[in-house]
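Number of protein chains: 2
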Amino acid sequence: MKKAIIDPWGTVLIEDYQRAIKEFGISPFDKKILKKLPNPNRLMRRLVVFGHQDLGRIADAIKNKSDFAILTGIMPSAEKLHLGNRMVVEMVQYFQEQGGEAYVLVADLEALATRDISLEEAERRAMNFHIPAYVALGLDPKKTHFYFQSKNKIVRDLAYEFSTKLTLNEFRAIYGNLDAGKIMSVLTQIADILYPQIKKPRPVVVPVGLDQSPHMRACRDVVRRYKKYNFILPSATYHKFTPSLDGNTKMSKSKPNSYISIPEDPEIAGKKVLNAVTGGRKTIEEQKRLGGEPEKCMIFEIYKQHLIENDKELDEIYRRCKSGELLCGEDKARACKLMKKFIEDFNKKFKKARSNVDKLNIISHF
Amino acid sequence: MKKAIIDPWGTVLIEDYQRAIKEFGISPFDKKILKKLPNPNRLMRRLVVFGHQDLGRIADAIKNKSDFAILTGIMPSAEKLHLGNRMVVEMVQYFQEQGGEAYVLVADLEALATRDISLEEAERRAMNFHIPAYVALGLDPKKTHFYFQSKNKIVRDLAYEFSTKLTLNEFRAIYGNLDAGKIMSVLTQIADILYPQIKKPRPVVVPVGLDQSPHMRACRDVVRRYKKYNFILPSATYHKFTPSLDGNTKMSKSKPNSYISIPEDPEIAGKKVLNAVTGGRKTIEEQKRLGGEPEKCMIFEIYKQHLIENDKELDEIYRRCKSGELLCGEDKARACKLMKKFIEDFNKKFKKARSNVDKLNIISHF
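The listed protein sequences correspond, in order, to chains Z and G. Here the working numbering is used: the first residue of the first sequence is 111, the next is one more, and so on. Here the working numbering is used: the first residue of the second sequence is 111, the next is one more, and so on.
The hints are simulated quantities; they were obtained by calculation from the structure and are not laboratory data. Only true hints are included.
Copies of the same chain look alike in the list, so a pair counts if it works inside one copy or between any two.
Cross-link-like lysine-lysine pairs, in silico, DSBU-like; alpha carbons within 35 Å at most:
{"#": "1", "residue 1": "Lys-263", "residue 2": "Lys-309"}
{"#": "2", "residue 1": "Lys-275", "residue 2": "Lys-365"}
{"#": "3", "residue 1": "Lys-365", "residue 2": "Lys-338"}
{"#": "4", "residue 1": "Lys-145", "residue 2": "Lys-451"}
{"#": "5", "residue 1": "Lys-337", "residue 2": "Lys-141"}
{"#": "6", "residue 1": "Lys-338", "residue 2": "Lys-190"}
{"#": "7", "residue 1": "Lys-442", "residue 2": "Lys-141"}
Can you build the whole structure from these sequences, using the hints too?
And the structure:
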């Protein structure tokens with residue numbers, strides 16, 4: 111049963127993750143590293159965090175109570191967030207609670223270079239939506255340094271300094287199709303990742319989804335070959351994608367019914383959950399006889415990733431489903447209720463965070 | 111005789127210039143455009159300025175006393191300047207005297223991205239050397255706005271905004287070999303060229319040597335396809351290279367005796383001139399019989415480009431050389447004297463400009 115919780119879902123994605131571990135220099139997030147990290151959160155305990163880079167360095171810093179930092183970025187072009195963003199925030203929160211200094215950057219230069227969103231518009235969106243949403247998802251605004259890329263002269267200068275440290279062929283090997291906007295964005299992101307080390311080298315952890323691994327790769331390449339600042343190789347955690355409610359491997363923005371947006375109308379979020387693909391059998395009789403297949407169930411995956419905090423409770427659901435005791439109707443009703451509650455909670459917290467946005471610790475002098 | 115003064119030297123370079131006119135969309139700087147420009151300076155009168163882009167727009171602005179700007183850049187990596195830089199300054203000075211608002215940027219981001227020179231070092235070099243040297247060469251410091259690329263947030267933001275307006279293939283077509291540092295530098299330069307138009311569109315002229323034409327091409331491509339700011343296509347003047355004293359087409363830094371540095375020890379500058387390749391015949395007898403060949407004479411070219419302001423005086427030298435009346439010894443002695451005087455004058459002015467560098471009009475708020 112524990113085994114199931116370790117990796118109860120998906121067959122296609124697992125291959126992606128294994129490939130990532132094999133090809134991109136990502137280490138598996140296993141019990142060994144898990145043991146070194148105090149009070150692991152839900153995502154870590156259930157290995158939704160599936161990989162990492164140099165996380166031992168962060169574990170050591172936590173153990174020795176020595177200085178380390180956490181960094182994540184907000185892309186202010188998206189009109190909504192999704193459950194995947196929540197995982198990033200929870201990982202930041204976790205490391206913050208273990209003593210790390212958290213930085214959240216607004217990637218306004220990237221939005222300008224790759225999406226043609228003006229810096230003013232990016233700032234408006236970030237202040238009205240993305241930053242309060244991150245706070246509503248659990249970020250401690252008092253302990254977090256926010257900054258806008260465009261206002262961080264150190265980051266901007268570093269991007270130029272790093273520009274000769276990777277060849278265009280290396281960019282292409284990491285990113286595939288390239289244009290000048292992407293190149294400038296990547297260099298700026300590399301600078302963001304290293305910015306927490308600019309006063310003195312220290313471990314930095316960047317919690318990301320697998321789609322962000324190229325940036326880590328590019329950044330770590332720069333650190334390896336450019337010794338001037340004695341940067342420490344940045345660490346990363348990689349968490350899985352939140353799957354599509356229709357059973358596909360990844361949420362798709364083109365199918366809004368396949369994923370839960372943040373924010374979302376609680377009723378609509380509930381309905382989406384009710385329509386999710388489950389691991390149920392064709393008939394109730396069959397389900398009772400063979401048991402359900404929680405490994406294939408989107409509801410179970412969303413429990414695991416998001417809605418059920420208590421491991422024993424999750425195990426119990428797994429057991430009851432497997433045994434045929436729990437039918438999809440009952441299960442979906444609970445999921446619907448939990449999802450509505452999650453969304454309602456978010457909406458409340460978001461409202462409050464938005465009204466306090468002017469009290470945030472936004473760095474403006476560099 | 112006039113014809114000779116119009117283009118008395120070089121056969122190889124002339125091809126380069128003609129090719130530029132043919133291939134790079136550069137118009138010949140001819141009598142027609144010359145006539146439209148009041149009080150043309152030495153370089154214009156003698157067509158050392160050999161090409162232009164949209165200079166009619168600047169001529170109109172001068173005529174109508176309407177607003178226009180001039181822009182040039184200082185690359186703070188070079189340890190010395192040379193006579194070619196003086197031509198840029200004289201062109202800026204000319205347009206400044208005709209009512210243009212002059213901007214001189216220090217390309218510290220380019221020095222960082224392409225030469226690994228830190229911003230601090232670039233600033234130190236620019237303040238101690240390049241800026242006072244430009245003033246010593248004739249720039250009116252009271253009328254000129256200086257800025258450092260790295261401190262100009264508008265320029266930096268525009269570079270990101272322009273980054274998607276040219277494809278990498280277009281970059282490659284214009285610049286040949288590319289790397290990310292060059293791409294960022296080019297985008298920053300495009301932003302520099304358009305910066306004087308950011309408050310309102312107006313004509314801007316950029317006096318450059320032929321080697322800078324790719325930047326103009328890239329910038330004008332961006333303006334043509336990106337209409338948001340209603341930028342006016344920037345204008346340019348192109349002047350010839352200062353030839354190598356040994357008769358080669360272009361000064362070469364690897365052969366310090368082949369060119370006059372700025373600054374330079376006056377005695378050494380004088381000696382270099384004495385060793386220059388002339389258009390003299392093999393023997394005095396031959397010279398008297400056939401006359402000299404000022405078209406091939408580096409001394410005459412330096413007179414024309416730099417040392418002799420008065421056209422009649424230059425014509426008279428040309429006539430006396432052609433007729434065999436003027437021998438190379440006499441001519442070189444004069445050139446040596448004039449060059450020494452030029453260098454001594456520069457050194458004095460440079461000293462004064464350096465002691466006044468803190469009074470410069472350096473833009474620091476954007």
